[in-house]
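Could you build all of it, start to finish, from the sequences and the hints given here?
Single-letter residue listing:
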Amino acid sequence: MITREISAILVKRRQIKQLMQIQKEGQFLARYFSPNLLKKIKQGGIIDQEGIEEEITVMFADIRGFTTMSEKMGPRDVVNLLNRYFGHVVSIVLQNDGAIDKFIGDAIFVYWGVPIKHRNDTLLAALTAIAVQDEVKSMKENGMLPSEFNIGIGINKGPAILGNIGSEERLEFTAIGDTINTASRLCGIAEKNEILVAGPVYKDIFFDLEVSPYGKKILTGKTQEVLVYRVDNLKADFFEIYKKAF
Amino acid sequence: MSKKILLLESTFFITKLIGENLRQFKDIELTVAFTGQKGLLLMQKEKIDLLIMNMSLFDMSGLELFSKLDHGNIEQTVLVMSNDPDKLKTSDDPRLQNIIRLPIDFNSFNEKVKDLLKITAA
Numbered sequence: 001m002i003t004r005e006i007s008a009i010l011v012k013r014r015q016i017k018q019l020m021q022i023q024k025e026g027q028f029l030a031r032y033f034s035p036n037l038l039k040k041i042k043q044g045g046i047i048d049q050e051g052i053e054e055e056i057t058v059m060f061a062d063i064r065g066f067t068t069m070s071e072k073m074g075p076r077d078v079v080n081l082l083n084r085y086f087g088h089v090v091s092i093v094l095q096n097d098g099a100i101d102k103f104i105g106d107a108i109f110v111y112w113g114v115p116i117k118h119r120n121d122t123l124l125a126a127l128t129a130i131a132v133q134d135e136v137k138s139m140k141e142n143g144m145l146p147s148e149f150n151i152g153i154g155i156n157k158g159p160a161i162l163g164n165i166g167s168e169e170r171l172e173f174t175a176i177g178d179t180i181n182t183a184s185r186l187c188g189i190a191e192k193n194e195i196l197v198a199g200p201v202y203k204d205i206f207f208d209l210e211v212s213p214y215g216k217k218i219l220t221g222k223t224q225e226v227l228v229y230r231v232d233n234l235k236a237d238f239f240e241i242y243k244k245a246f
Numbered sequence: 001m002s003k004k005i006l007l008l009e010s011t012f013f014i015t016k017l018i019g020e021n022l023r024q025f026k027d028i029e030l031t032v033a034f035t036g037q038k039g040l041l042l043m044q045k046e047k048i049d050l051l052i053m054n055m056s057l058f059d060m061s062g063l064e065l066f067s068k069l070d071h072g073n074i075e076q077t078v079l080v081m082s083n084d085p086d087k088l089k090t091s092d093d094p095r096l097q098n099i100i101r102l103p104i105d106f107n108s109f110n111e112k113v114k115d116l117l118k119i120t121a122a
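In order, the protein sequences belong to chains A and B.
Numbered by our numbering, the letters in the first sequence go through residues 1 to 246 in order.
Numbered by our numbering, the letters in the second sequence go through residues 1 to 122 in order.
Source of the hints: derived by calculation from the structure; they are not laboratory data.
A hint or two may mislead.
Keeping only pairs whose Cα atoms sit at most 20 Å apart, straight-line, the calculated EDC-like set for lysine to aspartate or glutamate is [as the list claims (entries may be wrong)]:
id, chain 1, residue 1, chain 2, residue 2
1, A, K243, B, E20
2, A, K244, B, E20
3, B, K114, B, D49
4, A, K243, B, D105
5, B, K4, B, E75
6, A, K39, B, E46
7, A, K216, A, D232
8, A, K40, B, D105
9, B, K3, B, D84
10, B, K16, A, D237
11, B, K118, B, D86
12, B, K38, A, E141
13, B, K16, A, D134
14, A, K235, A, D208
15, A, K72, A, E148
16, B, K68, B, E46
17, B, K26, B, D115
18, A, K235, B, E20
19, A, K117, B, D105
20, A, K39, B, D84
Just so you have them, the derived chain B footprint on chain A, three or more residues with Cβ under 8 Å [what the hints assert, rightly or not]:
id, stretch
21, 81 to 93
22, 138 to 147
Cβ coordinates follow ideal geometry from the N, Cα and C atoms, glycine included.
Shown next as structure tokens:
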């Protein structure tokens, strides 16, 4: 009888721990998804699934020369600068229904395509990249960022695995796979103010954006060449294209 | 007669998006300021029919701005934008009765603007 009681207590404790974990994940997810996306995630039960494979469009943005810049600044100034920049970027990403996977130092990793599919997620990602580059320019013009602050952006599209990854103590809902690695490498080779995209992105954006060939590149960690393009300009008014993408 | 809207928002893209959205309304005169300080100067110069503002500005918080409005005896109809509206709803301040959650759902935004300015879209 005592064994049965102890067993019941242990089961209850495990259930409470699972409920707390789910609640913690909900609060955690709210930091990286807009309320609209969060609702879809909860409805679709993605948070509870062990893993799904979906086609997504991935964007990485990071700051050029940040290590050198931060060496001249005190730690508090570094944090303030990063938070000011990220505050603006996050506003733009969430407004454009992007899902923020994570911040990695001075980089941000965002994706589109899950849980909501828009008319053209790839175009939406590219427009967000353009908006972010413009935002940095405006922030510098208005004294919100130093003049030497510049970012490079990489975008790729393809299949990815999404799920809760980690351990019982710390789980993270994240996307992984070669599609993500390629986007990250493209960001790594993008010069300041550049937006580089991989071949699969080109066909979804060339109609509305001026895109020029950047060449075939062998990216770090890869053996095969990747066809790379650079986004140069809009072909029409930003908001005309924007409405089409949503 | 035109209705004057002052938009206080530090994210430049969001101001362009709101500006583009407000084009559907007839007889709206939109002025944009990216800092609270600039907004205050504008409100001291002329009467604004509607202040649309982010509660988190580059140079001050929304509550700091309200405090400065009180000091200047400036009464103002306000539509507040916030990513944490539940926190604001606990306040008695009448200026926090009209809140739009960020990111903006433009259907709700437009309804609030029409209601506060007593106007219709074009």
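The hints, checked one at a time:
no.: 1; hint: A:K243 with B:E20; in the structure: 11 Å, holds
no.: 2; hint: A:K244 with B:E20; in the structure: 15 Å, holds
no.: 3; hint: B:K114 with B:D49; in the structure: 12 Å, holds
no.: 4; hint: A:K243 with B:D105; in the structure: 14 Å, holds
no.: 5; hint: B:K4 with B:E75; in the structure: 15 Å, holds
no.: 6; hint: A:K39 with B:E46; in the structure: 42 Å, violated
no.: 7; hint: A:K216 with A:D232; in the structure: 18 Å, holds
no.: 8; hint: A:K40 with B:D105; in the structure: 15 Å, holds
no.: 9; hint: B:K3 with B:D84; in the structure: 28 Å, violated
no.: 10; hint: B:K16 with A:D237; in the structure: 12 Å, holds
no.: 11; hint: B:K118 with B:D86; in the structure: 26 Å, violated
no.: 12; hint: B:K38 with A:E141; in the structure: 16 Å, holds
no.: 13; hint: B:K16 with A:D134; in the structure: 11 Å, holds
no.: 14; hint: A:K235 with A:D208; in the structure: 5 Å, holds
no.: 15; hint: A:K72 with A:E148; in the structure: 12 Å, holds
no.: 16; hint: B:K68 with B:E46; in the structure: 16 Å, holds
no.: 17; hint: B:K26 with B:D115; in the structure: 14 Å, holds
no.: 18; hint: A:K235 with B:E20; in the structure: 18 Å, holds
no.: 19; hint: A:K117 with B:D105; in the structure: 17 Å, holds
no.: 20; hint: A:K39 with B:D84; in the structure: 16 Å, holds
no.: 21; hint: 81 to 93; in the structure: holds (count 5)
no.: 22; hint: 138 to 147; in the structure: holds (count 4)
Checked against the numbered hints above, the structure breaks hints 6, 9 and 11 and satisfies the rest.
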